[in-house]
Amino acid sequence: MAHPKRKISKTRRDKRRTHYKLSEKAIATCPTTDTPHLFHHAYVVDGDLYHKGKLAIKNYTANAQ
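Take 1 as the starting number for the sequence shown in the working numbering and just add one per residue.
Please keep in mind that the hints were generated in silico from the structure rather than gathered at the bench. Hints may be right or wrong, so weigh each one.
Said to hold, decoys possible - In silico lysine-lysine, DSSO-like type, Cα no more than 27 Å apart, as pairs:
no.: 1; residue 1: Lys25; residue 2: Lys54
no.: 2; residue 1: Lys25; residue 2: Lys5
no.: 3; residue 1: Lys10; residue 2: Lys21
no.: 4; residue 1: Lys25; residue 2: Lys10
Claimed, not checked - Estimated spans, in silico, between C-beta atoms of each pair:
no.: 5; residue 1: Val44; residue 2: Arg6; range: 52 to 60 Å
no.: 6; residue 1: Tyr60; residue 2: Arg12; range: 47 to 55 Å
no.: 7; residue 1: Arg6; residue 2: Thr61; range: 54 to 62 Å
no.: 8; residue 1: Pro4; residue 2: Gly53; range: 52 to 60 Å
no.: 9; residue 1: Tyr60; residue 2: Ala2; range: 22 to 30 Å
no.: 10; residue 1: Lys52; residue 2: Ala2; range: 29 to 37 Å
no.: 11; residue 1: Leu38; residue 2: Arg12; range: 46 to 54 Å
no.: 12; residue 1: Lys54; residue 2: Ala2; range: 49 to 57 Å
Computed from a predicted structure; not experimentally measured. In this text, a Cβ means the ideal position worked out from N, Cα and C, and glycines have one as well.
Could you put the whole structure together from the sequences, leaning on the hints where they help?
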């Protein structure tokens with residue numbers, strides 16, 4: 001196993017980790033229902049499932065598994 005020759009200081013370690021950040025997810029607005037949703041995801045509005053602004057499944061209920 002490889003072992004470090006010298007101890008990495010906390011400052012040096014933290015400088016390396018500065019780029020590990022979460023980015024905001026892009027949110028789209030449906031042209032049909034005007035509801036916000038994630039891009040490339042289906043979404044439920046008033047019990048109906050929509051995808052790309054079109055009605056995919058009417059009276060949609062999620063299957064619990």
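Checked hints:
1. Lys25 with Lys54: holds (22 Å)
2. Lys25 with Lys5: violated (40 Å)
3. Lys10 with Lys21: holds (18 Å)
4. Lys25 with Lys10: The given pair, whose Cα atoms are some 31 Å apart, is violated under the 27 Å limit.
5. Val44 with Arg6: 52 to 60 Å: Once the Cβ atoms are compared, 55 Å apart, the range 52 to 60 Å for Arg6 and Val44 holds.
6. Tyr60 with Arg12: 47 to 55 Å: holds (52 Å)
7. Arg6 with Thr61: 54 to 62 Å: Because 60 Å falls inside the window, the suggested range holds.
8. Pro4 with Gly53: 52 to 60 Å: The hinted range 52 to 60 Å holds for Pro4 and Gly53, with Cβ atoms some 54 Å apart.
9. Tyr60 with Ala2: 22 to 30 Å: violated (53 Å)
10. Lys52 with Ala2: 29 to 37 Å: Since the Cβ atoms of Lys52 and Ala2 sit about 50 Å apart, the hinted range of 29 to 37 Å is violated.
11. Leu38 with Arg12: 46 to 54 Å: violated (37 Å)
12. Lys54 with Ala2: 49 to 57 Å: holds (55 Å)
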